[in-house]
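Protein chains in written order, with the working numbering: chain H, 62 to 500; chain D, 62 to 500.
No wet-lab data here; the hints were simulated from the structure. Remember, it's a predicted structure, so these values are computed and weren't measured experimentally. Warning: the hint list may mix true and false statements.
Claimed, not checked - Derived DSSO-like pairs: lysine-lysine, alpha-carbon spacing no greater than 30 Å straight-line:
hint, chain 1, residue 1, chain 2, residue 2
1, D, K315, D, K180
2, H, K93, D, K131
3, H, K340, D, K315
4, H, K340, H, K145
Protein chains: 2
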Amino acid sequence: MKREIGIGILGLGTVGTGIARLLTENQSLIAKRLGATLTIKRAADLDIERDRGVRFADGVLTTEPFDVIKDPNIDIILELIGGKEIALELINAAIESGKHVVTANKALLAEKGIEIFQKAAAANVNIAFEPSVGGCMPIVKTLRESLAGNRIQSISGILNGTCNYILTKITEERSTFADALAEAQAHGYAEADPGLDVDGLDTAHKLAIISALAYGMELNFSDIYVEGISGITPMDIEFAEQCGYSIKLLAITKYDEHEDTVEVRIHPTMIPDANPLSKVDGTLNAVTISGDAVGDMMLYGHGAGMMPTASAVLSDIVDIARSILSGGGMRVPMLSFQMANIRKIAVRPIDEISTHYYFRFSALDSPGVLSKISGILGDHGISIKSVHQIERELDGAVPIFMLTHSAREAEVKSALDKISALDVITDEPVLIRIEENKN
Amino acid sequence: MKREIGIGILGLGTVGTGIARLLTENQSLIAKRLGATLTIKRAADLDIERDRGVRFADGVLTTEPFDVIKDPNIDIILELIGGKEIALELINAAIESGKHVVTANKALLAEKGIEIFQKAAAANVNIAFEPSVGGCMPIVKTLRESLAGNRIQSISGILNGTCNYILTKITEERSTFADALAEAQAHGYAEADPGLDVDGLDTAHKLAIISALAYGMELNFSDIYVEGISGITPMDIEFAEQCGYSIKLLAITKYDEHEDTVEVRIHPTMIPDANPLSKVDGTLNAVTISGDAVGDMMLYGHGAGMMPTASAVLSDIVDIARSILSGGGMRVPMLSFQMANIRKIAVRPIDEISTHYYFRFSALDSPGVLSKISGILGDHGISIKSVHQIERELDGAVPIFMLTHSAREAEVKSALDKISALDVITDEPVLIRIEENKN
């Protein structure tokens, strides 16, 4: 029986270096669990001179990724380069060489996943991707294996540490979005170009993967409704707090069994303090999964970072190694469902969802304003739960805060357009969706 | 290729009925994931007349467990009878018949596990036990698979819903332990004989299993220090709250790499509000796992109950079915480490642990009391962090609350014995251990 599994690394950035460290430092521990040794045979990076604090054996480092892919002693390729075109080319080459692949490339999987998985299935190799979603949290494994007996009903999660750090800062220090972002950048929690994170795209990539696994649907990145956090102000957070809510960038997916449709959306969301996600602060991530048998369960941990992500890569390596060692081949379908059972499920357009809303209007402090606003809302069938006015003037206007009962997004938008056009309204209305607890 | 997996159920109690429901209601969904059908071939219970709300096919029900074990169409036996002697006999018979077993029997595994696992390994059958620990939370899978690359450093968890419900009641309503227990019994959250839960034994069974998986050590049920919750009073909880702590029945296991020893203990524990376990209320369970790569991660969900536990049974069934279907045999070692690498690790006696403490003394309201108490503590090298006296008299005595810095348990006990013998002390001192956050 084969007692050594050869590993090839493509990309020695943060995660690649982390996995090299983990494979080196914990090699004998891992062997005691696995019953075999995991050995880095080759590792490719453009820069193979820099000291990364890891000792590679002679001849392991190369600048040529195809040397890694073609090495006959390598069983598993780690694609940790990121980006789309080159990464796709390398993954395809690995599949053609009959190598299994572990990748953290959520953007590529969200956009090109179905082709990659089909190609891999045809070649009988595995594409593993636990590190692409939620860092160390075993979201992929939990959905594919632990919850295999459940109808997944909904999932909601905080899946981007940068956004959660920024929102936590605004909450704790009443700082502006710009100041909180600058602080995140100073700590290395946000990129110089923060758009991928703060505009919600990174979260959307992850949610595309999660939704596919949950319902056996084709990845549908372009159907996801995405709204980032740059419009969140301390005033909205303060009001939310007073009413017992936190504001988080939530990734939400829900399956409607009767309509056979899904909601897949990412936007700043007010969640009540009783929801454990409201306590997930700073760079931490968490995800709540609701299934018909398990009820609600939550995973919580570091969603990014060198070693947490490396831990997830290693979990995939060990899984594939176990299949190689036991001769079991493809055990768990890559997308949770058998390929033949994966289908398109219609994504409900954002205009057709119904939820509770928070509105903030900036209005002139004149009599009759509230009557006009509530009249328009009433005309659209939007029922107001509570209204709060404070006496504080801002740029000659006063803020009016409102919470609604459940309303349809299309009606809400139409009503806000009309309210926005009123003479007494001085600025664009603010809208934040609310996820109330189910019970 | 085999496309049907035969299931045999021993015991149609709560969990057995739940799994029968899940296998029936979600059969086609599970088949879409698994690529094969799971079919209940036989189910044994003493009472096969009662209507359980599940339809069994003709001839499936029997009162004779050995009919199930011997049925050649059955691949996987679910041992859901509980208890020790008969369950052990049935599991042994199943192993001898070459059947895989899924069991929720934590007491049996904690006490006889190593024999059972050795016997199963020799027969090349699997004993799966995700439902034995933490209900729907994938603790076993996370430790054995997702964290395979990590040195596990410590685990702490709330693993008994009955105790957590009672402590939550005392916290929220300032009720006594007896009243809270009666309420738990009225809601069906506690047994008529509540000892297994409230004395911490159920938690200890689970912690024995978790520790074995975490460190590759032989199950050591009898070495676990166990203290239940019956001594917890509203007064202690109120004081804890004022200082920013909650009191939970915590299962704690820590590995000391330098000494090569483990701590394995269960007792009421004060944890700071910043610890996410402090927010886990009611019958919910949660476990925090700390590893060198992942840092701290938490699983959170329903630790018991018909359907959450059935979901965990089903996850094990699907795992075994996948191994049968792929021809992969024993993939993941049952106790996380290869059998040859499982060893005895010394458990540190409770007297040798060091932690922070909370004390409550009942003393006569006379001058010099505090000086006597603090003198004795000082003589034992116990450093006081804060002292709080309140003016409220109880049975002619006043309570004195103290928080200490880190101290050794043996010194603490010796000091408390001496303090207890003072004339001015009117009742046994109360001691609650504190787990401070690491950072």
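I'd like to know which numbered hints this structure contradicts. Please list them from smallest to largest. Hints 2 and 4 not satisfied by this model.
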